[in-house]
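Going down the list, the protein sequences come from chains A, B and C.
Okay, so the first sequence: first residue is 1 according to the numbering used here, each after it adds one.
Okay, so the second sequence: first residue is 244 according to the numbering used here, each after it adds one.
Okay, so the third sequence: first residue is 367 according to the numbering used here, each after it adds one.
Take the hints with a grain of salt, since some may be wrong.
If you only want the chain A side, here are some residues facing chain B, beta carbon under 10 Å, derived [stated by the list, open to error]:
(1) L35
(2) D36
(3) R40
(4) I41
(5) N157
(6) E190
(7) H197
(8) E226
(9) I236
Among chain C residues calculated to face chain A with C-beta under 10 Å, some are [as the list claims (entries may be wrong)]:
(10) A388
(11) R391
(12) G394
(13) F398
(14) N401
(15) R402
(16) T404
(17) D434
(18) A466
(19) A472
(20) R476
(21) G480
Please keep in mind that the hints were generated in silico from the structure rather than gathered at the bench.
If you're wondering where the values come from, they're calculated on a predicted model, not measured in any experiment.
Every residue, glycine too, gets a C-beta built ideally from N, C-alpha and C.
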Amino acid sequence: MAWQVQFRVFRSSRGEVPAHFDPFTVEIKPDETVLDGIERIWAFQDRTLTFRHACHHASCGSCAMRVNGVEKLSCVTYIQDVTSDGGTLVVEPLRNFPIVSDLVVDVSPMFHRMHEVGMPIIRSAEPLGKPENFNCFENCIECGMCVSACPVMLTSNQYLGPAALAAAQRTIAEPRGVDVRSIWQLADDENSVWRCHTAFECGEVCPSNGDPAGAIMALRRRLILERIKSLFGRGILARQRGG
Amino acid sequence: MATITRVTRWGGYPAWAWILQAASGVLLVVLLSLHIIAQHFVAPGGVLDYGGVVAHLRNPVIFVLETAFAGSVLFHVFAGVRAILLDLAPSKAQERSINVILTTLGVGLFVYGLVLTLVVVTR
Amino acid sequence: MTGNGQHNTALRWGDSVRWFDARRRGLGMWAFALNRITGVLLMIYLLVHFVNISVLYLGETAWNQLMDLFRMPPFLIFDVALVLVLLYHGLNGIRLVILALDIGVAQQKRIFWGLMAFGTVVAVFTAFGLFRG
Ligand code: SF4
Numbered sequence: 001m002a003w004q005v006q007f008r009v010f011r012s013s014r015g016e017v018p019a020h021f022d023p024f025t026v027e028i029k030p031d032e033t034v035l036d037g038i039e040r041i042w043a044f045q046d047r048t049l050t051f052r053h054a055c056h057h058a059s060c061g062s063c064a065m066r067v068n069g070v071e072k073l074s075c076v077t078y079i080q081d082v083t084s085d086g087g088t089l090v091v092e093p094l095r096n097f098p099i100v101s102d103l104v105v106d107v108s109p110m111f112h113r114m115h116e117v118g119m120p121i122i123r124s125a126e127p128l129g130k131p132e133n134f135n136c137f138e139n140c141i142e143c144g145m146c147v148s149a150c151p152v153m154l155t156s157n158q159y160l161g162p163a164a165l166a167a168a169q170r171t172i173a174e175p176r177g178v179d180v181r182s183i184w185q186l187a188d189d190e191n192s193v194w195r196c197h198t199a200f201e202c203g204e205v206c207p208s209n210g211d212p213a214g215a216i217m218a219l220r221r222r223l224i225l226e227r228i229k230s231l232f233g234r235g236i237l238a239r240q241r242g243g
Numbered sequence: 244m245a246t247i248t249r250v251t252r253w254g255g256y257p258a259w260a261w262i263l264q265a266a267s268g269v270l271l272v273v274l275l276s277l278h279i280i281a282q283h284f285v286a287p288g289g290v291l292d293y294g295g296v297v298a299h300l301r302n303p304v305i306f307v308l309e310t311a312f313a314g315s316v317l318f319h320v321f322a323g324v325r326a327i328l329l330d331l332a333p334s335k336a337q338e339r340s341i342n343v344i345l346t347t348l349g350v351g352l353f354v355y356g357l358v359l360t361l362v363v364v365t366r
Numbered sequence: 367m368t369g370n371g372q373h374n375t376a377l378r379w380g381d382s383v384r385w386f387d388a389r390r391r392g393l394g395m396w397a398f399a400l401n402r403i404t405g406v407l408l409m410i411y412l413l414v415h416f417v418n419i420s421v422l423y424l425g426e427t428a429w430n431q432l433m434d435l436f437r438m439p440p441f442l443i444f445d446v447a448l449v450l451v452l453l454y455h456g457l458n459g460i461r462l463v464i465l466a467l468d469i470g471v472a473q474q475k476r477i478f479w480g481l482m483a484f485g486t487v488v489a490v491f492t493a494f495g496l497f498r499g
């Protein structure tokens, strides 16, 4: 039994089309996904709709968008979980990124930041010793949903952001040749660890248990202890003074 | 290997702002409990009427306690206001004015409170 | 700050205050927004409190009149509200410090509700105390 669902899709094209919402009525089964609906709109109703997707099974992170105001991987978000028959779905691009067109955002700011913190691309297929490491940041699929959900990111486009901070923590935990002192320096900045207001929105939306908030708290604990140590001329921060 | 391109502020100042905000918060939980306990249970007959308040403040232990309380509450409040204002994305110049204005207000109110208390207890 | 990690979107006023919007968001976001709202309320209370202790300067009669006013029921209700706001801000603050020391991060929601349960008990006792005498 197909449902009738009204998709209200955010439309905009840089400099050409002013931001607005277009309504599309879609016949869709409750166990199909939001991405299925978007693809159907593109196929049968509006060929100009732009959106990104690739794998269709939650491993590439490119179909991340906001569904009814909350960040979702649209390829694994079932219609029955977000609306009802005759209901509405508001579909918008991620926040806190420059919008390229319709649902497509420019995620390069996040990738630049991942680079800055040493790009710890290590998959859980290569587990590292302690079992608690098995559920950690190497599982990040770089979808950018945490960046979109983060309220601090909304207040400052200079904030390093949850994904990059979690990656920083990962690099520090296992440097693999990266200069860790510069990462500490980056983490200790006014736009890094100290800016986080502990709202836990990043972990709330992360599709792969990246737990960015947990990583930020781990960095914060270490930095607090190091700050106190530095008062007595000890620790990593003391050695760096003036540097 | 990745290179770091970002220019960071590296003087420990944001770190200390955070740490002191947390520390003053924890201190306040203790001092506020003492403040309330002292006013309602220690002072004979409570501190509501004028004579009661003055007698209460003449106790040196209470005086020190209340002064510490005022200091930490003012720091915590104005550091908190600053954190909220910084989330409105001020420019560096605006941030400096925010710092100056809030510090002046905080120190001013602290001195005012201190003078007021001294005037009341010594007359 | 320079560097290629910079977002190139211009920040608008609307963006700067939207952090406040906790609708459809998780518990942590509500806790954060409430922490700020209660913080602002407490700041206003502190400023008012400075005005009201200034009456001490005017001497005995003025102060005692003010205190008689404060003993009336509307002000007692205000006192209860103040206690609630203080308890929320204080207890959530304790949670934030605990979390910053990387303790119980995975349990943050339980820590929140645990502290709030404790706060409720304290609030009930305080309210009784205030209205009795
Ligand atoms: S940490 Fe999670 S939400 Fe953030 S980019 Fe990685 S997978 Fe996405």
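A quick look at each hint next to the structure:
Hint status for A/L35: violated, given a least beta-carbon distance of 33 Å to chain B, over 10 Å. Annotation: interface hint on A/D36 violated; nearest CB of chain B at approximately 38 Å, more than 10 Å. Taken as an interface hint, A/R40 does not check out: its beta carbon lies about 40 Å from the nearest beta carbon of chain B, beyond 10 Å. Violation of the interface hint for A/I41 is found here, the shortest Cβ-Cβ separation to chain B being roughly 36 Å, above the 10 Å cut-off.
For A/N157, the interface hint holds, since its Cβ comes within 10 Å of a Cβ in chain B; the closest pair sits about 8 Å apart. For A/E190, the shortest C-beta to C-beta distance to chain B is roughly 4 Å, which falls under 10 Å, so the interface hint holds. With 10 Å as the threshold, the beta carbon of A/H197 comes within range of chain B, its nearest partner Cβ sitting at about 8 Å, so the hint holds. For A/E226, the interface hint holds, the least distance from its beta-carbon to any beta-carbon of chain B being 9 Å, beneath 10 Å.
Nearest Cβ of chain B to the Cβ of A/I236: about 12 Å, over the 10 Å cut. The hint is violated. Using the Cβ-Cβ criterion of 10 Å, the hint placing C/A388 at the interface with chain A is satisfied: the shortest such distance is roughly 8 Å. At a threshold of 10 Å, the smallest CB-CB gap from C/R391 to chain A is about 6 Å, leaving the interface hint in force. The beta carbon of C/G394 comes within 3 Å of a beta carbon in chain A, closer than 10 Å, and the hint placing it at the interface holds.
A hinted interface residue such as C/F398 counts as satisfied when its beta carbon comes closer than 10 Å to some beta carbon of chain A; here the least separation is about 4 Å, so the hint holds. A least Cβ separation of about 8 Å between C/N401 and chain A falls short of the 10 Å threshold, and the interface hint therefore holds. With its C-beta approaching chain A no nearer than about 8 Å, C/R402 sits inside the 10 Å limit, and its interface hint holds. A hinted interface residue such as C/T404 counts as satisfied when its beta carbon comes closer than 10 Å to some beta carbon of chain A; here the least separation is about 14 Å, so the hint is violated.
Because the smallest distance between the Cβ of C/D434 and any Cβ of chain A comes to about 42 Å, over 10 Å, the interface hint for this residue is violated. Hint status for C/A466 relative to chain A: holds, with the closest Cβ pair at about 5 Å, below 10 Å. Interface hint status for C/A472: upheld, as the beta-carbon distance to the closest one in chain A is roughly 7 Å, under 10 Å. Interface restraint check for C/R476: the shortest CB-CB distance to chain A comes to about 13 Å, outside 10 Å, so the restraint is violated.
A hinted interface residue such as C/G480 counts as satisfied when its beta carbon comes closer than 10 Å to some beta carbon of chain A; here the least separation is about 16 Å, so the hint is violated.
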